[in-house]
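S.K.: Residues per chain are reported as follows:
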Amino acid sequence: MYIKSTRWLALGATALCLAGLACTKDLTVQPQSQITSGNIFNDPASYQAFLAKLYAGLAVTGQTGPAGTPDINGIDEGFSQYVRGYWQMQELPTDEAIIGWGDTGLPELNTQTWSASNPFTTAMYARIFYQVALANEFLRQTTDAQLSSRGTSADVATQVAGFRAEARFLRALSYYHAVDFFGNVPIVDESFDISKLPVQAKRADVFAFVESELKAIRGSLPPTSTGNYYGRASQAAVDMTLAHLYLNAKVWAGTDRNADALASASSVIASAVTLDPNFPHIFDADNNTSPEMIFSVPFDGVHTRTYGGTTYLIHASVGDNMDPAAAGIDGGWYGLRLRPEAVDRYTGYPTTTDTRTSFIQTSGRTKAIGSIGSSNNGYALLKYKNVTSGGAVGSNLTFPDTDYPLYRLADAYLIYAEAVLRGGGGSRATALGYVNALRNRASAGAITDAQLTLPFILDERGRELLWEGMRRQDLIRFGTFSSAGVWSWKGNVAAGTTTAAFHDLYPIPSNELSANPTLTQNPGY
Amino acid sequence: MWRTVIRGVLATFLASAPALAQTGSISGRVVAAEGGAPVVGAQVTVVGTNIGTVSRDDGRYSLTLQAGRYTVVASRIGFARDTVPGVVVNPAATTTLNITLRSAPTALAGVVVVGYGTQQAKDLTGSVATVTTEEFNTGRVVSPEGLIRGKVAGVEVSDNNEPGGGVSIRVRGGTSVNASNEPLYVVDGVPIDIGGGSVGGDGSTGLGRNRNPLNFLNPNDIESITVLKDASSTAIYGNRGANGVVIITTRSGGSGPQVSYTGTVSGSRVVGGPNMLNAAQYRAAVQQFAPSNVASLGTASTDWLGAIERNAGGQEHNLDFSGHGETNVYRLGLGYLDQNGVLIGSRTQRASASLNYSDRLLGDRLALRTHIRGSRSLDWYTPGSVLGEALAFAPTQPMYTAPGTYYQYRDPTSGALIGLAPNNPLEDLAYVQDQATILRSVGNVEGEYRLPFISGLTATVRGGYDVNRADRNVFTPTNIASQLKGDSATRGSIARANHDELHTVGDVYANYRNVLPRLTNSTLDLTAGVSGENFNGTYNGYSANGLSSNLLGLNGVPSFTEAHPGVSVVDHVLRSQFGRANLNLFDRYLITATVRRDGSSRFGEGQKYGTFPSAAFAWRLLEEPMLRDRLPLSDLKFRLSWGRNGNEAIPCNYCAYGAYDVGGPNAQAQLGNVFVTTIRPVAFDANLHWETTTSTNVGFDIGILRDRFTGSVDYYTKTTHDLLFNVPTAAGTALSNNVLTNIGSVRNRGVELMVDGKLIDGGARGFTWNVNLNASHNNNELLTIGRPGVTSIQTGLIAGGVGTTIQVLQPGQPVNSFYVYQHKSVNGAPVTTGADTAMYIDQNGDGIINTSDLVPFHSPAPTWIFGHTSNVTWRGWDASTTIRAYRGNYVYNNVASNLGNYSVLTSPFAPVNLSASVLQYGFTRPQYLSDLYVEDASFVRMDNLTVGYTFDRLAQLSNARIFGTIQNVFTSTKYSGVDPTANINGIDNNVYPRSRTFVGGLSVGF
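Same order as they appear, the protein sequences are chains E and H.
According to the numbering used here, the first sequence is numbered sequentially starting from 1.
According to the numbering used here, the second sequence is numbered sequentially starting from 1.
The set of hints was computed from the structure by calculation and includes no laboratory data.
Treat each hint with caution, since some may be false.
[As the list claims (entries may be wrong)] Listed next, with one range per pair, are the computed distances between beta-carbon atoms:
id : chain 1 : residue 1 : chain 2 : residue 2 : range
1  : H       : Q920      : E       : P517      : 41 to 51 Å
2  : E       : S212      : H       : V569      : 38 to 48 Å
3  : E       : T274      : H       : T413      : 37 to 47 Å
4  : E       : A145      : H       : L378      : 54 to 64 Å
5  : E       : S371      : H       : V855      : 22 to 32 Å
Virtual Cβ for every residue (Gly too), placed ideally from N, Cα, C.
Full structure from sequences and hints, please.
M.R.: Here's what the structure looks like:
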């Protein structure tokens, strides 16, 4: 009987095995509707597609567009868009812009009352390091060893070498933003063992990392971001990043680097980029054709859709008594307005010849902001438009074709002038010539050499680069962002008040501190 | 003693063969006294031994025992116990004993279905509750969960008020945060997967997400619902047992041949609703707070909610055919349901068929059972935006500007539609079409073979399937306001989603059940087996925008400007081995041990398998000679159990796999002059593994007055470890800012109390009153949410303020506690005016009110749940009611917070209506995070009141009953919103209106 039982058992076990139930089999079920890490690079086109994602990280928020399958989470997807986050953190706490919405954390940006758990500063930090992580992964996947192990052809390998320089540019660009906003962040490059916790670096060390990276790749890039390189890294884009880095070196790294700033700005000015005689064109739906553009984040009504970027900038600017059609969109979001101080910088407004004021919308509005939440308190600014310089509406009324100009030539002119005034060498006459070139384009009247002072430069940057994502950086460099300088609603008081100096740096997000307890919070938070 | 026990256990293996020589058997049929139909599932036991069995589908039973003279007892729920003394068993011979049971409608516990087998209720060691047909809630019950609402301690059933809408069940509180909290449903042995990645698939359109996955099952087909609550009961379903197991057994027929019909008609009307300003109040508010908008105020007085609601009718018909042959029993159930919702546009219709057939073959050795059911559901949805639009539309505006022309908000000067204003809900109702068709079939074939050579050994092979085909179609025409406001190139849309899911199950297990010779009244019951499940889902869908024509509606795609097709194929595999031992010593000590090893494809390499053990002990104290006749009790049992369960219902099938996502055509990057489609490496945790729940249960069962009153008390604690959280990653180390990782733990502790009793027992046709009372208390606490230093994760998105959340996950607090600013109070009244710093308590004292000043405040989960059921019969009359009460559950009134401030009136783009809460608080700007909106939603509700009359003899009918039911008779609550229970997440935002339903019906048997 025992023999029989054993036989039965064996038979039973075999039957179960055949039925696929009992044998412990490998339970790996590879995804079928996604491409696996194992085979993605069998297609050489994947290298360019991956590089495209690095650029797309500045423009879109996920893989669906305009929303869906987000790259980062914990915040509304549109709110998390790179340019939107960058712009808001550079503009909303300053004397240039204010936003009326009550979304959690947003009013804190208006009034410099943010905490370390602010969702917008947290999202920007996440966006910056998403770019860093993505670039690092690209660099790990494209080493010579990896390429040769996949039997990559020489042509593709050459192409990929150029892509690697671009990836390093984008990583340096995001680190430049990190130095500006957060200061003391960890430096994580492709050689870092990601199973370990990154180590916090001093702000000056992060500065040095960005500088060395940019210098290292400059030679591998084309001179300007035009033609096949539109929207992509170039020597001019590298030089503009370096120029900003050097101009702020005193604040960020503790030493003046004005001569270097002047050299980088000069290098840009010497490039093929020229001033656009048609100033509004720089912010229009066809601004990709503007000769003044140095480096931009391209958006498109069909191909590159987001609820951030210029979609946000244009829709949020349109509100009371404004015709959405004039902005080339289907409806306003009633959000952004000018602070009165920004209007007052155009001396004599509204009686001024300065054509840069033509963007200001006053109908049915008060200049003063009695209540932040009232969308007709404060003038509007219709600088960015989804209408081409020829007057045609962009390809989609919700998602503009307008690209976001991250760097344009006027900025280089003003950096040159400021570097001269800060003792970086160069020619005072050339500086005056650059400033007046901008003022003359705007019919604002040339200034004299005596008028060319640092305070004038700060104001002129406020007039020329209004709402272009520069103001916070400029005010901090001039020492008037927090503990000095007063404007409407600063410090959450209608008349404005000064705030503690520690607000010059944003806090390291509390999420990050919990994920990486080795980090130390910025002072004051 | 233990040495004797061990020797006895061993002897059952070694001595079973020689024992055969001296044994004989008893066999026969158990039939009903009324009609002579076979009685299925009757317990047949032999007094003075521990030998017993259960009658099969044809009423037959068979017992093997040593030769001798015995007393045989047969019992079954719904029948009076029958005792047959003096049954003689001769060696190697079969004594025929047919037993006739008289019907007796009492709720005596008998045989309980447990995982992979049945058990006698008296032998249970775990915490298990069974609700049978006669105890079910009646009235218009669309899906099975509604049958047991308020009936079982520790089980919270909440629906969303919509006929056929989603239902959530929590058994002893939620054990998870990011994985599913729903129990596992097992229908006739087939596990129905409703949580986790397999419903809707990864990144699919979410078809069916808000629908109840058990809608395919006609409640009329159900015989009993058993809820396994503690880990020792659920461990046999280790992989998905952490949230409890709900075992649904369908009716198998047996009596007859019989034909019976039950039909009902119903009418529902809305009770209560969100409290909005009426036209006069609104006009006054605009005049005071937004004088500039008075000109565009309008002169009408419109009840917008009333305009989208209706009195809804419904009907249901069920036809049963049942009977039996020489060796087989069968039942065919046909059902039809058509129920309108009280919101115009919503409706569900279901046609279902269910066939159960069982037969005994090979000289009674092989029992073959088949259950096959199929249903076709048609669902019509109210367009999603309508409810919100009706709330927001100003009551002073008219519905129409001319017959057939809908009023819309327009710019007073240009006459253009205002983009951000709400659309007229009546226009959306009239033109947007949204419907779904679901074809589903679930079935299995099961063979149970009594093996020769070894007495008491059976082998069971079961194959089951669940096939689901669901289509959802939405059509939005080009010419309604919502489309006219958008880009002219993309107006009008059609979207279709086609989902195909196939789930197959194979189980093979063996059961050995025998008495332990040498030990009196002792048995051993061993079960061991393997199980495998495969899921495959194909989710196809497309949408097209910018339609050239509206003429094709849902049924075709004209020319279009944009299309978004999608395909997703998803696989999921489970492999399991399990075993269970039940040892009954002297009918006094009951010991159960189970172990299950589960493998799931959802987890990372090396993490796929989990082993889930459990052990339980019960002591029937009354069987102790020293207690037996000294206590005035009829039952006294102590139970103790411990076990471990897993939860694999994580939100995705491939969270542990590295992959690249290909970007869509609207998310390209411009490189030079071309747009390039992107690829994105996906962030993942390769070590993703099981959430594991460890639980302990201590309980007592008590019966007095010959079990006229029975009760049980249970205390449990469940701690879940390796809880999945989307935890922040250290910057630069992962390919996203958050990655789903096993980190964190949560604990549920509670007490449950159940009492059943025959309060008044007037005999067969006299006055009888049966009562069930249950109460449960649960305390939920999040213990950790990750690494040290992680203090909180905000969750619970609300309407109003993009990205604004109202809840928090914070150690030391219940899961999803509300997270709010506390109002300062003066003389007990909250301060609701002034700046934030004047209104709110500055918790950290830094002089500003920001997110650092939020504090946890109550949670949506009730701390106490009470249920009461009464059944009264007298002569032909019967009446029953179910009353339910919650305490300690809080709800965030999102309608009030979103539309509860006067700034809404001044918005230039859309002067919309206000919540009446604004009259109380007077806010002039949004205060989404105010603690005033977190309201106590404790309530008492009479869910059900039924009165029926059964005719004694009516014409040729074997039985006839007419009945009427009112559902949601009353609700008593302080909560100011629509419904204190409508959302299990505790956020009340545009929930489907609550209704009262009147049902009348009759059932007849031929």
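S.K.: State the violated hints by number, sorted upward, taking the hints as numbered earlier in the document.
M.R.: When the structure is compared with the hints, none of them turns out to be violated.
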